[in-house]
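Colleague: What follows is the residue order along each chain.
There are 10 protein chains.
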Amino acid sequence: MLFQVDMTVRIPRDVGGEELKKLSEQEHERAKELQLQRKWLHLWRVAGRYANLSIFDVDNPAELHEILSSLPLYRFMEVEVTALCHHPGSIESV
Amino acid sequence: MLFQVDMTVRIPRDVGGEELKKLSEQEHERAKELQLQRKWLHLWRVAGRYANLSIFDVDNPAELHEILSSLPLYRFMEVEVTALCHHPGSIESV
Amino acid sequence: MLFQVDMTVRIPRDVGGEELKKLSEQEHERAKELQLQRKWLHLWRVAGRYANLSIFDVDNPAELHEILSSLPLYRFMEVEVTALCHHPGSIESV
Amino acid sequence: MLFQVDMTVRIPRDVGGEELKKLSEQEHERAKELQLQRKWLHLWRVAGRYANLSIFDVDNPAELHEILSSLPLYRFMEVEVTALCHHPGSIESV
Amino acid sequence: MLFQVDMTVRIPRDVGGEELKKLSEQEHERAKELQLQRKWLHLWRVAGRYANLSIFDVDNPAELHEILSSLPLYRFMEVEVTALCHHPGSIESV
Amino acid sequence: MLFQVDMTVRIPRDVGGEELKKLSEQEHERAKELQLQRKWLHLWRVAGRYANLSIFDVDNPAELHEILSSLPLYRFMEVEVTALCHHPGSIESV
Amino acid sequence: MLFQVDMTVRIPRDVGGEELKKLSEQEHERAKELQLQRKWLHLWRVAGRYANLSIFDVDNPAELHEILSSLPLYRFMEVEVTALCHHPGSIESV
Amino acid sequence: MLFQVDMTVRIPRDVGGEELKKLSEQEHERAKELQLQRKWLHLWRVAGRYANLSIFDVDNPAELHEILSSLPLYRFMEVEVTALCHHPGSIESV
Amino acid sequence: MLFQVDMTVRIPRDVGGEELKKLSEQEHERAKELQLQRKWLHLWRVAGRYANLSIFDVDNPAELHEILSSLPLYRFMEVEVTALCHHPGSIESV
Amino acid sequence: MLFQVDMTVRIPRDVGGEELKKLSEQEHERAKELQLQRKWLHLWRVAGRYANLSIFDVDNPAELHEILSSLPLYRFMEVEVTALCHHPGSIESV
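Residue numbers (this note's numbering), protein chains in the order written: chain A, 1 to 94; chain B, 101 to 194; chain C, 201 to 294; chain D, 301 to 394; chain E, 401 to 494; chain F, 501 to 594; chain G, 601 to 694; chain H, 701 to 794; chain I, 801 to 894; chain J, 901 to 994.
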């Protein structure tokens with residue numbers, strides 16, 4: 001089932017450049033794994049902001065929570081979750 | 101280029117059942133055309149609300165405006181547009 | 201899976217007393233059916249407001265949307281949906 | 301009587317991993333005690349957030365305040381309290 | 401137990417002067433009854449607004465809901481309820 | 501004349517336990533003095549929050565400001581002031 | 601004592617041009633009276649909006665409420681009241 | 701031309717008492733100069749808050765910005781600017 | 801001097817298609833006049849919304865108010881005005 | 901294509917005067933380059949605030965993101981992006 005997830009990242013001042021670079025690499029690696037597993041269906045950057053719009057396809061909210069809370073940058077994120085479903089006007093099967 | 105579009109529909113009390121049914125059919129027909137043209141990439145229902153989350157792939161904001169403002173239910177919609185771009189952690193080419 | 205649903209009802213001025221009484225009865229009848237099916241787990245009144253806090257246990261967001269959008273008072277409701285999952289400190293199995 | 305309590309936890313940067321782990325364990329222990337006493341009726345995680353939705357059954361608002369303000373993580377919480385009561389459409393006795 | 405209740409009244413355009421005058425008289429009559437019963441402890445006008453700040457002393461949220469929802473102007477009110485309790489710095493016994 | 505004052509207290513992380521305990525005692529002492537002088541008419545705890553709802557009876561806004569800004573915890577407070585007056589439905593003389 | 605009052609006017613569609621013109625004239629007449637009495641100290645238009653920023657000098661909040669609620673356009677206004685006092689950096693005596 | 705300026709001051713924890721006292725004195729000195737020049741027409745304290753409501757009479761927005769950004773406490777202020785003009789019901793010439 | 805003006809248009813249901821078409825033509829005519837006079841410097845459509853972002857160059861806020869309040873669609877607009885000035889990093893003279 | 905960009909700058913307390921001065925110079929240098937390239941069409945200061953209103957003319961949202969995220973002060977900015985297009989009442993070709 002599909003969930004829209006909006007993530008905004010706020011890095012505190014005391015996170016050093018090295019630490020942030022490493023966290024970002026880990027984040028991207030984890031994001032790619034989840035995309036290859038077709039759990040993280042879409043991942044787009046919001047233009048001009050340290051934020052993304054994502055679509056997840058998970059078995060239930062618990063799996064979604066497990067995935068999000070294990071992301072390397074999770075503790076610096078503000079997260080909004082919205083449950084989605086098939087739209088009668090859509091030609092996608094969902 | 102990609103835009104996230106959030107549409108919330110509010111039908112006024114004086115729109116009759118027949119009129120609404122007809123408008124919805126026209127809306128879905130138009131939505132399907134635009135999906136087949138690959139302009140309207142994704143269309144999901146927000147669970148529990150008369151609202152959708154959509155992703156459009158258009159040539160520019162002007163084309164997006166032309167498409168949205170010509171939707172049969174446009175005059176009853178509250179619309180939010182967000183410009184998207186490739187995310188460094190995404191494996192989609194966008 | 202569990203979803204928190206907050207429903208606020210706003211009855212337009214032109215809905216007559218008779219019509220509203222009938223709609224409310226239909227709403228309560230439908231609510232009881234869904235509670236007996238264990239789809240609508242909890243239904244509480246928010247003190248002082250024409251609103252409720254509800255917990256639904258459904259198979260997916262699509263089923264939740266189908267249930268909510270078929271409620272007799274749905275067209276007069278403002279609805280907020282929040283996906284829930286097991287809390288590590290809870291002794292309920294969920 | 302029933303109260304809905306929404307708790308969002310924000311851990312300051314200077315709380316160490318050890319301290320947080322210990323506080324969380326104390327929090328869960330206290331939560332379980334209160335659940336076994338049937339004071340804390342329900343405790344659900346909000347998917348994707350360090351937050352919960354809880355239902356308390358207490359004798360009065362003073363008891364609710366005493367319970368909440370004594371939680372080990374209370375000083376890091378943002379709390380919203382909503383008074384609930386029986387809903388005419390509910391089949392629960394409350 | 402004490403609850404703060406903020407009531408804002410919004411009279412629709414089609415309520416005639418006579419009807420409003422009658423409703424207001426009924427509202428004041430009911431308010432006085434409830435004050436004499438010591439259920440409605442305080443009732444203050446918010447300066448410059450068609451709104452009030454009230455303190456109720458009721459047995460439980462259900463009684464509060466019953467009282468508020470039976471007020472003659474209730475259907476035109478926007479209501480906010482806040483649960484109160486004894487403050488350690490207060491010399492009132494509450 | 502009466503003013504509603506909502507005070508929310510936010511203690512910064514670097515205020516030590518000893519300092520806070522001392523400030524709270526001074527705050528309560530000052531609050532009691534002002535209550536005995538009938539300047540601070542009511543002081544209630546908002547259930548679940550480090551906040552209060554207060555009613556002051558002062559000669560003018562300047563006196564209110566002088567009182568509030570001299571409270572020991574004032575520099576950690578977020579304060580909202582609302583001017584009140586007699587309500588036509590109230591049986592209190594104000 | 602001084603109060604800042606922000607008034608925003610929203611004229612419903614069914615108020616005719618004649619009625620509105622008459623109400624505006626009555627409003628201005630009343631405003632001038634109150635200015636000559638030095639109750640309504642300042643009255644400025646907010647550029648681009650059907651709104652004003654006003655400063656009143658009244659004996660108490662009750663007088664302010666009486667003045668505002670008797671304005672010819674009051675029933676179409678959204679009003680915000682803020683209590684003011686002498687600023688230590690001001691050279692006005694207030 | 702007139703501008704309403706709302707300034708809210710938030711002093712960070714690490715500004716010492718001596719520094720703040722000095723800054724406040726400089727602020728008041730500067731405020732008095734600007735009042736004597738009739739640039740800063742009015743300066744009122746918002747009761748209960750470290751905030752003020754001010755009216756400036758400047759040649760243009762650039763002069764207003766220059767004045768505000770050179771205030772000793774400017775870096776700790778949250779500022780809201782509103783353009784004002786003559787109100788048809790006012791007896792002031794502006 | 802420059803002002804940013806955000807205008808959002810909300811046409812009530814009872815404005816007929818003919819009336820709206822006529823008002824829009826008058827609005828565009830007036831907008832062109834003001835652009836040719838270099839009062840209305842820029843006028844852009846916000847993509848997806850019945851709204852615009854405009855830059856005005858006027859002598860003072862009073863002239864801005866006079867211009868805006870005389871627009872044919874003004875009574876259906878929600879207007880936000882922001883005073884602008886030269887930015888130190890800009891190569892425009894303003 | 902055009903985008904409105906609102907940037908608000910918040911400099912943390914621990915950025916020294918020297919560092920800030922250097923960053924501002926770099927920011928202005930970069931802003932001038934981009935203006936000369938006609939990518940950054942307009943740059944105005946919001947009067948009274950450490951904020952600007954900007955208009956960018958870029959090839960796509962990705963270019964906009966690249967430009968904004970490479971600004972020297974970007975990490976201290978809160979950014980809002982709005983897609984613009986030709987307005988039917990405008991005499992500019994866009």
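Worth double-checking, as some hints may not be accurate.
As the list claims (entries may be wrong) - With the C-beta cut set under 10 Å, the calculated list includes, among others, these residues of chain G facing chain H:
no.	residue
1	Thr-608
2	Ile-611
3	Lys-622
4	His-628
5	Glu-629
6	Arg-630
7	Ala-631
8	Gln-635
9	Leu-643
10	Val-658
11	Asn-660
12	Ala-683
13	Gly-689
14	Ser-690
15	Ile-691
Stated by the list, open to error - Residues from chain I that keep clear of chain H, each with C-beta distances beyond 12 Å, as calculated:
no.	residue
16	Asp-814
17	Lys-832
18	Glu-866
Just so you know, the hints here were simulated from the structure itself, not pulled from any lab data. Beta carbons are placed, not taken as given, at the ideal position from N, Cα and C, and that holds for glycine.
Colleague: None of the hints should be skipped; say for each whether it holds.
Modeller: Structure-based check of all given hints:
1. Thr-608: 12 Å, violated
2. Ile-611: This hint is violated: Ile-611/G lies away from chain H, its Cβ roughly 15 Å from the closest one there, beyond 10 Å.
3. Lys-622: Nearest chain H Cβ about 14 Å off; hint violated.
4. His-628: Status holds, d = 4 Å.
5. Glu-629: 8 Å, holds
6. Arg-630: For Arg-630/G, the interface hint holds, since the closest Cβ of chain H sits about 9 Å away, which is under 10 Å.
7. Ala-631: Interface hint status for Ala-631/G: holds (4 Å vs cutoff 10 Å).
8. Gln-635: 5 Å, holds
9. Leu-643: 4 Å, holds
10. Val-658: Check failed: Cβ of Val-658/G comes no nearer than 14 Å to chain H, outside 10 Å.
11. Asn-660: Not OK, violated: Asn-660/G not within 10 Å of chain H, min 14 Å.
12. Ala-683: Status holds, d = 4 Å.
13. Gly-689: With a minimum Cβ separation of about 4 Å from chain H (threshold 10 Å), the hint on Gly-689/G holds.
14. Ser-690: 4 Å, holds
15. Ile-691: 5 Å, holds
16. Asp-814: The assertion about Asp-814/I holds, with a minimum of 28 Å to chain H.
17. Lys-832: 25 Å, holds
18. Glu-866: 9 Å, violated
The structure is inconsistent with the numbered hints 1, 2, 3, 10, 11 and 18, although it conforms to all the rest.
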